[in-house]
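> Here is how the chains run, residue by residue.
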Amino acid sequence: GQQLNQSPQSMFIQEGEDVSMNCTSSSIFNTWLWYKQDPGEGPVLLIALYKAGELTSNGRLTAQFGITRKDSFLNISASIPSDVGIYFCAGHGGNQFYFGTGTSLTVIP
Amino acid sequence: EAGVAQSPRYKIIEKRQSVAFWCNPISGHATLYWYQQILGQGPKLLIQFQNNGVVDDSQLPKDRFSAERLKGVDSTLKIQPAKLEDSAVYLCASSWAGGQHYGYTFGSGTRLTVV
Numbered sequence: 003g004q005q006l007n008q009s010p011q012s013m014f015i016q017e018g019e020d021v022s023m024n025c026t027s028s029s030i031f032n033t034w035l036w037y038k039q040d041p042g043e044g045p046v047l048l049i050a051l052y053k054a055g056e057l058t059s060n061g062r063l064t065a066q067f068g069i070t071r072k073d074s075f076l077n078i079s080a081s082i083p084s085d086v087g088i089y090f091c092a093g094h095g096g097n098q099f100y101f102g103t104g105t106s107l108t109v110i111p
Numbered sequence: 027e028a029g030v031a032q033s034p035r036y037k038i039i040e041k042r043q044s045v046a047f048w049c050n051p052i053s054g055h056a057t058l059y060w061y062q063q064i065l066g067q068g069p070k071l072l073i074q075f076q077n078n079g080v081v082d083d084s085q086l087p088k089d090r091f092s093a094e095r096l097k098g099v100d101s102t103l104k105i106q107p108a109k110l111e112d113s114a115v116y117l118c119a120s121s122w123a124g125g126q127h128y129g130y131t132f133g134s135g136t137r138l139t140v141v
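Going line by line, the protein sequences match chains A and B.
When you number the first sequence by the numbering used here, it's gap-free, plus one each residue, and the end is 111.
When you number the second sequence by the numbering used here, it's gap-free, plus one each residue, and the end is 141.
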């Protein structure tokens, strides 16, 4: 299957700081999604991106579809404690979404 | 709208036993997916249904895993016999046909522990 690598693997930040994470693939994707997963729950869709270069926001979250179509980026501004969780990217290839390895975010109050 | 329902939430079984998971997708969603999420990893697709037909089961270990979606609504995933390495969270997701454009909605998952 496709390999999507996310970095960093984990982050520990102070409340109020901004966060940046990225996702890279060896394959081109036509759609990128970003999900957040809380402990014991399924992933929840945050942002969807459909076009290379597209920049989309959802509240304090902003994501970009990389120009090469092999990467995507997620930024969280002014982090709050409820931002804690694991963030997954997903790229659509063939007839399915492939998920990244995840970035674990810890926000210290 | 009601979300994707899964049961049970947790299951502990001994190796070589059998287990079954159930999923009820969002009403009207034609496509249903079963994913396996091993601790510390992202979800991996096991099988995809479009209505009651299988679209992709290339990553399903068919010697021990089986899934069905009768009447194109509910689905069950079965493991028989279970191995230690099957310990994982099994996530069910659903989407409108053409899930590429809308993303998937996931259930809360079933956490399976094989001892």
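Hints were generated in silico from the structure; no laboratory data involved.
Every residue, glycine too, gets a C-beta built ideally from N, C-alpha and C.
Certain hints may be false.
Listing some non-contacts, in silico: residues in chain B with all C-beta distances to chain A over 12 Å [as the list claims (entries may be wrong)]:
hint	residue
1	Gln43
2	Ala46
3	Leu71
4	Asn77
5	Asp82
6	Asp89
7	Gly98
8	Glu111
9	Asp112
10	Gly129
Computed list of lysine to aspartate or glutamate pairs in DMTMM-like fashion (alpha-carbon distance at most 20 Å, straight line) [said to hold, decoys possible]:
hint	chain 1	residue 1	chain 2	residue 2
11	B	Lys70	A	Asp85
12	B	Lys109	B	Glu40
13	B	Lys37	A	Glu43
14	B	Lys97	B	Asp112
15	B	Lys109	B	Asp82
16	B	Lys70	B	Asp83
17	B	Lys97	B	Glu111
18	B	Lys70	B	Glu40
19	B	Lys70	A	Asp20
> So, for every hint listed, does it hold in this structure?
Results for each hint:
no., hint, result
1, Gln43, "holds, 23 Å"
2, Ala46, "holds, 19 Å"
3, Leu71, "violated, 5 Å"
4, Asn77, "holds, 14 Å"
5, Asp82, "violated, 6 Å"
6, Asp89, "holds, 19 Å"
7, Gly98, "holds, 18 Å"
8, Glu111, "holds, 17 Å"
9, Asp112, "holds, 18 Å"
10, Gly129, "violated, 5 Å"
11, B:Lys70 x A:Asp85, "violated, 24 Å"
12, B:Lys109 x B:Glu40, "holds, 8 Å"
13, B:Lys37 x A:Glu43, "holds, 15 Å"
14, B:Lys97 x B:Asp112, "violated, 28 Å"
15, B:Lys109 x B:Asp82, "violated, 23 Å"
16, B:Lys70 x B:Asp83, "holds, 12 Å"
17, B:Lys97 x B:Glu111, "violated, 31 Å"
18, B:Lys70 x B:Glu40, "violated, 23 Å"
19, B:Lys70 x A:Asp20, "violated, 30 Å"
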